[in-house]
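In order, the protein sequence lines correspond to chains A and B. Heads up, the first sequence is in the working numbering, so the first residue is 1 and it goes up one at a time. Heads up, the second sequence is in the working numbering, so the first residue is 1 and it goes up one at a time.
To be clear, the hints were calculated from the coordinates, so they are not data collected in a lab. Any given hint could turn out to be false.
As the list claims (entries may be wrong) - Stretch-level coverage of chain B by chain A, calculated; a stretch enters the list once three of its residues show a Cβ under 8 Å from a Cβ in chain A:
| id | region |
| --- | --- |
| 1 | 46 to 55 |
| 2 | 59 to 70 |
Said to hold, decoys possible - Facing chain A, according to a computed beta carbon distance under 7 Å, are these residues of chain B, among others:
| id | residue |
| --- | --- |
| 3 | SER2 |
| 4 | ALA18 |
| 5 | LEU41 |
| 6 | ARG73 |
| 7 | VAL90 |
| 8 | VAL93 |
| 9 | ILE94 |
To be verified - With the Cβ distance kept under 7 Å, some of the chain B side facing chain A (calculated, not the full set):
| id | residue |
| --- | --- |
| 10 | ILE11 |
| 11 | ILE17 |
| 12 | PRO21 |
| 13 | TRP37 |
| 14 | LEU75 |
| 15 | ALA78 |
| 16 | HIS85 |
| 17 | PHE87 |
| 18 | PRO91 |
Note that CB positions come from ideal geometry on N, CA and C, so glycine has one too.
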Amino acid sequence: MTELTDLGVAAIRDGVRSGAFSARDVADAFVIAVSKAKALNAFIVETPDHAVAAAKRADAARAAGEVLAPLAGVPIGMKDLFCTQGVQTTAASHILEGFVPTYESTVSGKLWDAGAGMLGKLNLDQFAMGSSNETSFFGNVISPWKRNDGGNAALAPGGSSGGSSAAIAARLCPAATGTDTGGSIRQPAAFTGISGIKPTYGRCSRWGVVAFASSLDQPGPMARDVRDCAIMLEAMAGFDPKDATSLELAVPQWEAGLSPSMAGKRVGIPKEYRVDGMPAEIEALWSQGIEWMRDAGAEIVEVSLPHTRYALPAYYIIAPAEASSNLARYDGVRYGQRELPDGANLQDMYAATRAAGFGPEVKRRILIGTYVLSAGYYDAYYTQAQKVRTLIAQDFEKAWETCDVLLTPTAPSAAFALGEVADPLAMYLNDVFTVPSSLAGLPAMSVPGGLDAAGLPLGLQIIGRPLDEQGVLNAGLAIEQRAGFAARPEVWW
Amino acid sequence: MSVEPATVQRIASLARIAITPEEAARLAPDLSNILGWIEQLGEVDCAGVEPMTAVIPNRLRLRDDVVTDGDVRDLVLANAPQAEHGFFAVPKVIE
Numbered sequence: 001m002t003e004l005t006d007l008g009v010a011a012i013r014d015g016v017r018s019g020a021f022s023a024r025d026v027a028d029a030f031v032i033a034v035s036k037a038k039a040l041n042a043f044i045v046e047t048p049d050h051a052v053a054a055a056k057r058a059d060a061a062r063a064a065g066e067v068l069a070p071l072a073g074v075p076i077g078m079k080d081l082f083c084t085q086g087v088q089t090t091a092a093s094h095i096l097e098g099f100v101p102t103y104e105s106t107v108s109g110k111l112w113d114a115g116a117g118m119l120g121k122l123n124l125d126q127f128a129m130g131s132s133n134e135t136s137f138f139g140n141v142i143s144p145w146k147r148n149d150g151g152n153a154a155l156a157p158g159g160s161s162g163g164s165s166a167a168i169a170a171r172l173c174p175a176a177t178g179t180d181t182g183g184s185i186r187q188p189a190a191f192t193g194i195s196g197i198k199p200t201y202g203r204c205s206r207w208g209v210v211a212f213a214s215s216l217d218q219p220g221p222m223a224r225d226v227r228d229c230a231i232m233l234e235a236m237a238g239f240d241p242k243d244a245t246s247l248e249l250a251v252p253q254w255e256a257g258l259s260p261s262m263a264g265k266r267v268g269i270p271k272e273y274r275v276d277g278m279p280a281e282i283e284a285l286w287s288q289g290i291e292w293m294r295d296a297g298a299e300i301v302e303v304s305l306p307h308t309r310y311a312l313p314a315y316y317i318i319a320p321a322e323a324s325s326n327l328a329r330y331d332g333v334r335y336g337q338r339e340l341p342d343g344a345n346l347q348d349m350y351a352a353t354r355a356a357g358f359g360p361e362v363k364r365r366i367l368i369g370t371y372v373l374s375a376g377y378y379d380a381y382y383t384q385a386q387k388v389r390t391l392i393a394q395d396f397e398k399a400w401e402t403c404d405v406l407l408t409p410t411a412p413s414a415a416f417a418l419g420e421v422a423d424p425l426a427m428y429l430n431d432v433f434t435v436p437s438s439l440a441g442l443p444a445m446s447v448p449g450g451l452d453a454a455g456l457p458l459g460l461q462i463i464g465r466p467l468d469e470q471g472v473l474n475a476g477l478a479i480e481q482r483a484g485f486a487a488r489p490e491v492w493w
Numbered sequence: 001m002s003v004e005p006a007t008v009q010r011i012a013s014l015a016r017i018a019i020t021p022e023e024a025a026r027l028a029p030d031l032s033n034i035l036g037w038i039e040q041l042g043e044v045d046c047a048g049v050e051p052m053t054a055v056i057p058n059r060l061r062l063r064d065d066v067v068t069d070g071d072v073r074d075l076v077l078a079n080a081p082q083a084e085h086g087f088f089a090v091p092k093v094i095e
């Protein structure tokens, strides 16, 4: 018999409904898997009681003959950026260590309402700032994957949702929440051989999600396949009056709408995504992806997104600018840590608290943001970046005149070893393929396409029109069915 | 773009982050490097381009100006590093 921890969201949901196994058995199996995997450092806090309580409710509902909720019996991981009532929420920072929200984020609340239980709070890059999970106050997350070169290098699970990606790839949970500001769902999904979708900006409420860059942040699901992402997204999405940027739209039935046929669809290949120095294996996978799209019935068209090369520098103005503003709230007064040197006044307390509470990468980004927003530089940097953002969005609008979705690689490399990328600027370049669609607010997904020569997963990215998550999921499904990606990390933890 | 340690100190004080002279010296080349790289945005001709204010068209919703929760003082104060008599407590502000 298949291990329960090998099952995905749909299989668990269906099995619990049919009575093939109990929700309690599923929860227990994952709780044990989580407890055995400390070496991955994927969880900051484990919450077995939460998962077991949800499972008991599911089993009781079934025994009573009730209609089960969409995620009844499915235990999941929650990125520790989502506020969870009564459970410590830290954003992987020291400054929020010990913070126990008295309220529930809208997205996590929706998931509990849908019957899901929580296995724990997942590690991440501090305040979601990073592409490798090396900036967490609670230590690096280690990818469950190893290179096949006989070496034993600890690899990055991607970032910032690296606890989520590592936990799913290691079968510690069937699905997890992520958040994506510049690629933080898609790049870790690619690095660990799983799927993840960032929906259209505004689809999922940001209320109760610790803010990084508010005009970019967007929650989304990560799971082992496209169908599971669709199921999760349906439970997470929806209008929220508490979030002023939430879209007032009904949630489509994405799972029911899944179709792997691309007949009549045009797939755009942006020529500017052929960057210098891209590994031949990424090029080869991209070409393979194009063939898969053709095989699924799509017409392939070349498109141009001329401002692509300016997306990253624009992002690294806009995101830190918004972060410097958002993170001003961590001052030691209302929540979190406080540093109060002897004889300190209020200003000293702010400065000491923030010095002790933020990690180096967070400080670096706050300083950049403060700099680009400061008098004399605001127009040259911030306003210019917002204008470039308009041009990038217009590039995509123009592309939609000739195609329905775009196909690109997700990241310019496979997972690198922890500590291998030391220069902050080199690290930022990891987001080169994911940032443009983030700036334009578009739905985008990564699905695993294959392995590189070192045996590490590589992802393909699909970008869609605003609100066309269905088109993105369907193209993802077409690739998934053709790629037949079945590789998984060997258990060493 | 070359950022001097003194500039880093000034920005850090604007950001309310205490930093040591050693940290300022270490951060200066980092920030120079990053700011030098983002300066390439200046190449883009943005004449007549409106800065983006909303990434997805959305209607600005207004709600009635009424209290929607209230009576949750203890919840609001629950995570305060220091709370006294139902208030957040901070060091003396006025001498």
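For each hint, the structure was consulted:
1. Given as covered by chain A, the region 46 to 55 of chain B passes the check, having 8 residues with a CB less than 8 Å from a CB of that chain where 3 are the minimum.
2. Counting residues of the region 59 to 70 of chain B whose beta-carbon sits less than 8 Å from any beta-carbon of chain A gives 4, enough to reach three: the coverage restraint holds.
3. With its C-beta approaching chain A no nearer than about 13 Å, B:SER2 sits outside the 7 Å limit, and its interface hint is violated.
4. Taken as an interface hint, B:ALA18 checks out: its beta carbon lies about 4 Å from the nearest beta carbon of chain A, inside 7 Å.
5. About 5 Å separates the beta-carbon of B:LEU41 from the nearest beta-carbon of chain A, less than 7 Å, and the hint is met.
6. Interface restraint check: B:ARG73 against chain A, minimum CB-CB distance 11 Å, threshold 7 Å, status violated.
7. For the restraint placing B:VAL90 at the interface with chain A, the shortest Cβ-Cβ distance is roughly 6 Å, inside the 7 Å limit, so the hint holds.
8. Interface hint at B:VAL93: satisfied, since its Cβ lies 5 Å from the closest Cβ of chain A, which is below the 7 Å cut-off.
9. Of the supplied interface hints, the one on B:ILE94 is violated, with its beta-carbon coming no nearer than about 10 Å to a beta-carbon of chain A, more than 7 Å.
10. Given hint, B:ILE11 at the interface with chain A, holds; its Cβ is 5 Å from that chain's nearest Cβ, closer than 7 Å.
11. Hint status for B:ILE17: holds, given a least beta-carbon distance of 5 Å to chain A, under 7 Å.
12. Against a cut-off of 7 Å between C-beta atoms, the interface hint on B:PRO21 is violated, since the closest Cβ of chain A lies about 13 Å away.
13. Among the interface hints, the one on B:TRP37 holds; its C-beta lies about 6 Å from the nearest C-beta in chain A, closer than the 7 Å criterion.
14. Because the smallest distance between the Cβ of B:LEU75 and any Cβ of chain A comes to about 4 Å, under 7 Å, the interface hint for this residue holds.
15. At its closest, the beta carbon of B:ALA78 sits 5 Å from a beta carbon of chain A; the interface hint therefore holds under the 7 Å criterion.
16. The beta carbon of B:HIS85 comes no nearer than 16 Å to any beta carbon in chain A, farther than 7 Å, and the hint placing it at the interface is violated.
17. Restraint check, B:PHE87 versus chain A: the minimum CB separation of about 11 Å is more than 7 Å; hint violated.
18. Annotation: interface hint on B:PRO91 holds; nearest CB of chain A at approximately 5 Å, less than 7 Å.
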